[in-house]
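**Q** Residues per chain, in single letters:
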Amino acid sequence: MAVPDALLRPGRPRRPGPVGRGIRPSGGGAARRRVVASEQFAGWAFVTPGVVIILLFGAVPIVWSALMSFQRSNLLSPSTPFVGLKNYRQMVHDPVVGQAIQHTLVYTVLFVPGTMIVGLFLAVAMNRKIRFINFYRTAAYATMAISTISEAIVFIWLFDPSYGIVNYALSRVGVPPQQFLNSPSEALYVIVAMTIWGWTGFAVVIYLAALQGVPQMLMEAAAIDGAGHWQTFRRVVLPLLSPASLFLAVWLTINALQLFDEVYLSTQGGPLNATTVLVYYLYDQAFQNFNFGYASAIAYFLFLIILVVTAIQFRVGRRFTHYRS
Amino acid sequence: MTKHGLRFLAGPLGVLTALVLVLAGCGTDSGGSNGGSASTIQIWEGWTGAEAKTFTHLVTEYQAQHPGVKVSSLYVNNDNTLQKVLTAVRGGSPPDIAYLYGSWAPNVAQIPQVVNLTKVVQRPGVNWNDFWVGERDVATVNGKVIGIPALVDNLAVVYNKTLFAQAHLTPPGPDWTWSDFVADAKKLTDPASKQFGTAYVTPASEDSVWHWEALLWEAGGQLLTADNKKAAFDSAAGLQSLNTLRTMAVTDKSMYLDPTDSAYANLFNSGKIGMLVTGPWDLSGFPNVHYGVQVMPSFPGSSAGHQTISGPDNWVVFNNGAARVSASEKFILWLTAPAQVKYWSLHTGDLPTRQSVGNAAGFNAQMDSTLPGVSAFVANLANVKQARPQIPTYPKISTVLANMVISVLLGKSQPQAALSSAAQQVNQILSAG
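These protein sequence lines map, in sequence, to chains G and U. Under my numbering, the first sequence is numbered contiguously, ending at residue 325. Under my numbering, the second sequence is numbered contiguously, ending at residue 433.
Hints are supplied without guarantee of correctness; some may be wrong.
[Unchecked claim] Cβ-to-Cβ under 10 Å is the rule here; a few derived chain U residues that face chain G:
#	residue
1	87
2	89
3	109
4	196
5	203
6	259
7	260
8	261
9	393
10	406
I should point out that these hints are in silico values taken from the structure, not numbers from a laboratory. Glycine residues also receive a C-beta, built at the ideal position from the N, C-alpha and C atoms.
This is chain G alone, in the form it adopts within the complex (with noise of 0.2 Å):
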């Protein structure tokens, strides 16, 4: 069978030319400006609710608790004394921050590859066409709609040290009952599991739009090639989700770094800290032990660890990306 020959060398299409613009009419200045001016207006009137929304409920906390850093505030009395880098420095001396930082960092190492795989390996198990796709589609996705208190309230059960399906399932291949969520050296491992089943979906949904825009004849011409099931999907398919996975891995990163709900609905930091992340020390800093100075502190630490880890995100995937137009 004869194929045509655009099939067998897949150049980059050529997008077609800006249509339409550069020209514009000749004279008409005034009005024109007119036109333009009441235009923008409107564009204007229609974003500002929004704009003034974000300012009043997002710039006006970041730029107030950046000032907070530097101050002893605990909300209550109304002395919020300037500390200087008190704050910080403090930090640098509590037990727990450093404790934070490795269990928040242990967790994002282990959450985003998870969720990543688990994420890619169903998309691609689901990207054919068998009966009831959709419906398997739909389970997947299921676990993003499910709020975080069911899934948490679930997975304490199965985790359960004395009654959870998971160690009835361990004993039956021998393995003896674990702890989980009531030993520290196992507690955070159950979070992870927790959140990778929790974020599974979202993966999933990226991936799967990501691998219906993977071109056919791409495959086809892999095949044609020689390249088997396992190469085709390495060496074709895996590049080509590049973008995706870039995509996933700073968004799950940003969101892993703040884990919080999951922790507080579990664990409460606890046993002995083995859970306790950033986020929620800051939170129990702030509305525990009402020192929402120091709280404020680490809240910028945070930003400032996210704000790095982003960026080497980005410059490593640069390299790793390839977009194809």
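Take the given structure of chain G and dock chain U to it, following the hints.
**A** This is chain U only, laid out in the frame that chain G set:
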């Protein structure tokens, strides 16, 4: 470009100005109606279910008795009330009255807008000493009364009568000791059927701490020295209390540890746990088991006897001008007067906040018909002999103590080592202030 740029900005700036004006207008407007009339009292409370119904009834009754006064109540989840009050105080529009946890009292006392009620509770007819001593202690910070008791509870032992009978054990009597408790817990434990003698909540929070504090007091110990300057729990009593818990959690494995602070109640209601040290709030969650309630056991040889710990909460009044303060004080004194306290307890099953109500003839029988077993908790209020230290650094100390108790329960440290390390940390917190 510049010319265009400026014109380009004119639109948004105009809209922004208009919006700011509108927003500012809203602000002044609502502020005005808030601060204007003395006849409307804003109250923030977190009642749900039977409590919400009873509260609405009492508010309606008060409004009927006091025409011209409107009590406007707003539901706020109790856990978040202080957060929201802080925001409202900053915004200059605190509620007139808010329901705040007793454990927050030392911090609440630092808010300048909180009304000092010391003279108010001395008014004729208030009869301040009628409130239980544990409540008065928690409502008072450095000699200043900052709230009126709103709710009181305490810890006692709730036990499953069926499991006791099955194990051929005598149900706990009023003179029982911790040795009895430990022995019973061991006999009630059956790994095969996943049945535990007792349970202990182990979230990294105050809930892990106050259960232990009752044991410390019963063993004759104290948390801090009388001047609140140094740790005092690294003592023989501290060791005895931790050893008792350790025996059950580590040696006998008769104690189910619950880091979620909620699973234990379902397990008790499913007949999987023999005894719980808990408060009256849990009773309504045990419809499936035949339970009894007994005071907490005492330590053999300790002169401290049977004690318990209480977590009372307060109605706190905020200053929104003299007229509204006066109206709020009147309402809150009425709400906490004996007649209303009695009505409240009988309709909600909550313990009476006043001794005269709790000690009245026939009251306990009436209470038990509302909620079986609750009268034992009412009687147990007499065993509330001390309160947690009323100092602003208590939350920090609590974190240290939680880790101390949990590390012993998980078998991660020996009781004496845990005590010494915690005492050192607490001393550091206290000296830093």
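**Q** Compare the structure with each hint and give your call.
**A** Hint-by-hint comparison with the structure:
Hint status for residue 87/U relative to chain G: holds, with the closest Cβ pair at about 8 Å, below 10 Å. Restraint check, residue 89/U versus chain G: the minimum CB separation of about 8 Å is within 10 Å; hint holds. Restraint check, residue 109/U versus chain G: the minimum CB separation of about 9 Å is within 10 Å; hint holds. Of the supplied interface hints, the one on residue 196/U holds, with its beta-carbon coming within about 8 Å of a beta-carbon of chain G, less than 10 Å.
A hinted interface residue such as residue 203/U counts as satisfied when its beta carbon comes closer than 10 Å to some beta carbon of chain G; here the least separation is about 4 Å, so the hint holds. Against a cut-off of 10 Å between C-beta atoms, the interface hint on residue 259/U holds, since the closest Cβ of chain G lies about 5 Å away. A least Cβ separation of about 5 Å between residue 260/U and chain G falls short of the 10 Å threshold, and the interface hint therefore holds. Among the interface hints, the one on residue 261/U holds; its C-beta lies about 8 Å from the nearest C-beta in chain G, closer than the 10 Å criterion.
Among the interface hints, the one on residue 393/U holds; its C-beta lies about 9 Å from the nearest C-beta in chain G, closer than the 10 Å criterion. At its closest, the beta carbon of residue 406/U sits 5 Å from a beta carbon of chain G; the interface hint therefore holds under the 10 Å criterion.
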